[in-house]
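As you go down the protein sequences, you meet chains R and H in turn.
Residue numbers for the first sequence follow this note's numbering, beginning at 190 and rising by one.
Residue numbers for the second sequence follow this note's numbering, beginning at 190 and rising by one.
If you are wondering where the hints come from, they were derived from the structure by calculation, not from laboratory data.
Incorrect hints may appear among the rest.
Because identical chains cannot be distinguished in the list, a pair is counted as satisfied if it fits within a single copy or across any two copies.
Subject to a maximum C-alpha distance of 25 Å in a straight line, what follows is the list of computed DSS-like cross-link-like pairs (lysine-lysine) [unchecked claim]:
1. LYS262 <-> LYS275
2. LYS340 <-> LYS795
3. LYS484 <-> LYS512
4. LYS512 <-> LYS201
5. LYS606 <-> LYS314
6. LYS262 <-> LYS795
7. LYS229 <-> LYS201
8. LYS664 <-> LYS713
9. LYS606 <-> LYS235
10. LYS505 <-> LYS477
11. LYS314 <-> LYS638
12. LYS664 <-> LYS606
13. LYS606 <-> LYS484
14. LYS505 <-> LYS641
Number of protein chains: 2
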Amino acid sequence: MKFQEIGTTKVKRVQLVDRLGSEANLIGTIHITTSHFIFKAEDTPKEIWISNALIGSIERSSISAAGSRLIIKCKNFQTITLLIPKEKECLDLYETLLRVSKLYNINEAFAFFRKENPDKQVSVKEASNNWFRLNWDEEFKRQEVGDTWKKTDFNAAYAYCDTYPEELWIPANASTQVLIGSCRFRSRARLPVLTYYYKANGAAICRCSQPLAGFSARCVEDENLMELIMGANQSASTLYLIDTRPKVNAMVNKVQGKGFEDVRNYQNMQSHFFDIENIHVMRSSLNKLLDACQKSTSVTEYLKAVESSGWLRHLKILIECGKFISDSILRCISCVVHCSDGWDRTSQTVAIAQLLLDPYYRTIYGFQVLLDKDWLGFGFKFDDRCSHLSANEELLKEASPIFTQFIDVVYQLMRQKPTAFEFNERFLLEINEHAYSCMYGTFLGNCDKDRKDLRVATRTHSLWAHIDSNLEHYKNPFYKSTSYYLNDIDLGPSAFVVWTNLYNQFDTGIQPREYINDVAVNTKEHLNVLETKLKQVNEGKLLPTNFSVKWQSLLNAEECYSRNCGLEYTTRFEKRLYCYNCGKVFCKRCIKVNEHGSRLCAQCLKASS
Amino acid sequence: MKFQEIGTTKVKRVQLVDRLGSEANLIGTIHITTSHFIFKAEDTPKEIWISNALIGSIERSSISAAGSRLIIKCKNFQTITLLIPKEKECLDLYETLLRVSKLYNINEAFAFFRKENPDKQVSVKEASNNWFRLNWDEEFKRQEVGDTWKKTDFNAAYAYCDTYPEELWIPANASTQVLIGSCRFRSRARLPVLTYYYKANGAAICRCSQPLAGFSARCVEDENLMELIMGANQSASTLYLIDTRPKVNAMVNKVQGKGFEDVRNYQNMQSHFFDIENIHVMRSSLNKLLDACQKSTSVTEYLKAVESSGWLRHLKILIECGKFISDSILRCISCVVHCSDGWDRTSQTVAIAQLLLDPYYRTIYGFQVLLDKDWLGFGFKFDDRCSHLSANEELLKEASPIFTQFIDVVYQLMRQKPTAFEFNERFLLEINEHAYSCMYGTFLGNCDKDRKDLRVATRTHSLWAHIDSNLEHYKNPFYKSTSYYLNDIDLGPSAFVVWTNLYNQFDTGIQPREYINDVAVNTKEHLNVLETKLKQVNEGKLLPTNFSVKWQSLLNAEECYSRNCGLEYTTRFEKRLYCYNCGKVFCKRCIKVNEHGSRLCAQCLKASS
């Protein structure tokens with residue numbers, strides 16, 4: 190969208206209504222740009238920036254003496270209520286917002302306009318190496334995939350399956366004939382391929398879509414491929430065929446000529462069903478949960494609404510299924526996992542299983558690899574599920590919070606194992622937000638092919654690069670890097686909680702906004718500085734000087750001490766930084782690092798030099 | 190109880206059944222002593238010690254091939270299930286447990302046997318000064334009570350009110366005649382007296398019991414006393430009469446000649462009712478909550494059961510009432526608070542109000558003073574509510590978790606304000622447990638007079654002394670000592686959670702057992718050591734030596750490294766201690782502090798000297 194297409198771009202004297210009524214309404218000015226909705230308060234330095242892609246719905250409500258109300262609901266669960274004095278202005282703003290928030294073509298996403306100079310000199314392939322986290326060869330090398338598996342270029346140029354990656358790993362003995370046959374027998378040609386190899390015992394997790402079995406169809410090549418997968422794990426004589434759908438749903442698919450494997454045709458294999466509901470049930474469940482979080486007025490109503498939303502129950506079943514897969518792998522039994530198309534429930538459950546099994550995926554880098562592999566690589570439809578193309582009303586019924594649900598599952602695991610993950614809650618919140626924001630190319634497109642066609646690697650910024658540049662913000666100070674399987678996950682009913690820091694994250698007035706993590710990170714940094722200093726003194730490299738720091742003072746600070754910089758510390762992406770000399774808190778812009786690695790404010794830095 | 194009265198004192202080859210089935214049953218030996226039930230595992234160093242007073246109920250269940258089951262439910266929410274091979278042994282054990290767990294006379298509580306040499310030389314008064322936290326004179330001096338209030342010895346030797354303290358603070362102009370008159374008009378003679386004076390504006394919180402008003406009775410002296418209380422706050426011309434009961438309950442009391450103040454007789458005063466339910470409703474609510482926590486099998490069932498228990502709703506109403514009182518005080522309006530007898534709901538709500546108002550009560554010492562004052566001082570019936578005298582079946586209907594509920598409220602506040610309290614969760618768990626354990630004299634007796642008669646100060650140990658000797662265990666590393674009013678408490682429906690670390694604290698297999706607090710405390714200690722060391726180097730007091738410590742290594746430890754000491758780190762009262770040289774973890778017995786204040790293990794200590 191060109192800038193001139195926007196109607197009203199500025200509305201003055203607008204009131205921002207506090208939902209909870211715990212703070213007074215702020216008065217400010219609205220600016221609409223091609224990329225953002227901006228509210229700038231008049232008397233305070235407060236600013237709200239919302240990427241236009243995050244705007245989910247806009248409602249005009251009844252006119253009162255104070256003006257007209259406009260309610261903006263965002264995909265990151267923020268709700269903005271505005272009170273606009275003149276009705277005409279409200280209507281104009283409404284129409285402008287409708288225009289800027291609707292995307293007709295993914296090529297018009299903000300991510301493509303943010304990068305001023307696309308890397309034209311660089312080939313797409315070259316750019317991709319830096320832009321993506323995942324390199325298929327390297328990842329399977331890291332997994333130490335045994336020689337019962339091989340790489341195939343059978344799907345080069347997406348010849349057989351356009352929602353799969355070009356490079357696939359399959360049993361070493363599988364012929365092209367077998368692969369082609371299996372493709373024809375699987376929904377959207379998504380044949381069973383390797384995604385995780387457990388080097389300790391040679392068991393593997395494979396993924397695919399449902400077979401086109403109907404009531405009696407069978408496919409010798411598909412049966413043969415499954416046998417080869419079973420055989421690739423030499424220490425077991427069985428294979429689990431895991432269908433993540435409730436059995437009744439799978440039965441219904443038979444009518445359409447799809448369905449599930451008839452184990453009478455798949456020798457020595459066992460079939461397991463899990464009651465994970467489809468995208469429509471999950472969408473409606475989250476909507477109910479959001480109502481519970483944002484509209485309940487009593488504890489009773491809240492608990493009832495949380496219960497009837499079923500959201501926590503869905504999280505539990507997902508973890509149960511992931512745990513079943515990882516437990517099977519530990520017991521040396523390979524698993525082939527599918528749902529209907531093999532991109533929603535399959536991506537969720539195989540990713541959960543891998544998080545439990547492999548500590549690598551619990552690191553910041555490894556988690557990005559996991560998303561690049563099992564979500565982006567195997568074609569989770571981010572465009573459709575996150576409704577990037579909001580102008581297309583037909584596509585709205587494809588929208589579903591499947592990815593958010595997975596992130597919520599990771600949060601639940603993290604809550605139970607506070608030292609098992611290298612990243613913190615803020616990392617998950619950031620990833621979830623940018624799955625919807627269209628500010629980075631990372632989560633654009635419905636599959637690998639889409640992103641290649643869009644040339645995201647040269648035309649957009651990568652979210653991973655953004656995270657790299659702020660890595661310290663996303664680290665869990667309590668992380669223990671020991672490698673172990675997360676075997677004692679609590680599946681008891683009291684183990685699941687509503688993630689209020691996600692669903693109620695914008696209720697700033699009342700939620701506890703203090704991240705204990707930040708305090709711990711600062712303490713840890715301070716400790717490193719002291720240790721380095723002591724070491725230097727001991728080695729005679731540094732003359733002892735009067736370097737006195739009070740730890741306690743680090744905790745007594747609230748907002749940037751140089752107040753004129755206009756930054757607030759309630760924004761969750763902003764970390765508090767402490768001057769190690771005076772102990773006051775500053776924002777990133779107002780603090781510097783000296784030659785000893787200590788953070789100092791401008792004044793103390795001047796005094797010390 | 191004498192030792193010889195115990196029947197079976199030892200049963201071998203007993204299986205301890207894991208409730209959740211997540212761990213294998215342990216085999217061990219049961220020992221019963223006059224004071225404790227002990228389970229000692231055979232192959233592991235695991236031991237379970239339970240004070241006999243904590244045993245709430247014992248059930249024998251059906252006999253199976255594996256033996257007879259015995260289920261012991263404790264007042265600290267621990268449930269022990271034993272499988273005993275021989276039925277005869279099971280029956281004997283059952284009867285022994287019944288005998289040792291039932292107390293007929295509070296003089297037989299274990300606290301009186303634990304102290305081998307009662308301080309016979311010391312007078313009770315002298316002993317009390319060290320034993321109790323509260324000294325009424327000092328506390329009211331700390332509050333800077335204005336000269337519109339005075340101390341009276343009117344109740345010396347508990348002459349008028351046997352459930353009140355001997356020293357009382359009343360309006361300076363109140364005559365003895367007025368006090369006597371008011372006593373006669375109040376349930377159990379609990380007349381309105383001062384408990385908290387807000388020095389910033391002179392407003393005060395007073396407490397009392399319900400008036401014996403019936404349908405029309407009035408008392409000039411009582412009305413006069415209320416006027417004097419209103420007048421003692423010179424900057425306001427009104428007074429709030431706060432009845433914490435639902436209005437309908439207060440009405441019912443009128444039939445029995447009790448009830449509430451008729452504001453037509455109390456000039457310029459306003460009456461406010463709160464819907465806090467009585468002890469029977471709270472008892473049943475907690476029982477339902479415990480069923481939810483311990484018996485639910487699905488998330489749906491759990492959430493429904495939590496909701497229908499009403500526990501979180503009760504917590505919310507308590508905080509609402511406490512907040513109303515403290516907000517009134519801030520607006521310079523004094524409050525007189527009562528319920529029926531003025532010891533249950535009144536103790537809860539005035540204590541909550543004071544926690545919100547005064548940062549002193551949020552320190553470890555101050556919280557103990559608050560308990561000594563508003564719970565112990567004003568006669569909260571610990572014997573009856575915690576059912577110390579469990580042999581008396583008549584008294585069982587007096588039992589109610591009013592104190593536990595208050596501790597839960599403090600936990601909810603602490604969750605919202607993680608830096609506002611000097612103490613941590615473990616401190617609250619410890620206090621709650623010992624309110625029931627009868628191991629310390631602190632929570633014995635129904636009132637101040639009872640404890641004087643029992644001479645607890647000379648004959649028993651004080652819980653406060655025990656806490657003092659382990660102070661570091663109970664400190665919140667994230668505490669900010671700035672003084673402020675907790676004004677922005679979230680009363681929204683999602684703000685209240687089930688305190689699983691209390692109600693599910695013994696589900697060891699699955700709950701996250703890692704206290705982030707411990708890691709932070711160790712880091713902080715380590716930081717202090719480094720700072721001291723650096724200072725000494727800088728001042729030339731210490732020669733630089735190769736003192737290298739890796740912070741990261743502090744986090745990679747699980748159990749006492751010198752495994753032969755038999756201590757486990759899953760017990761919540763045991764803190765992990767780290768050797769600052771090798772970074773390994775040790776228990777308290779196996780670690781020493783060197784001359785520089787560093788904790789070192791025996792081996793490293795030897796190497797360094």
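Next item on the list: Please flag the earlier hints that this structure goes against, numbers listed from lowest up.
Entry: 2, 4, 5, 6 and 14
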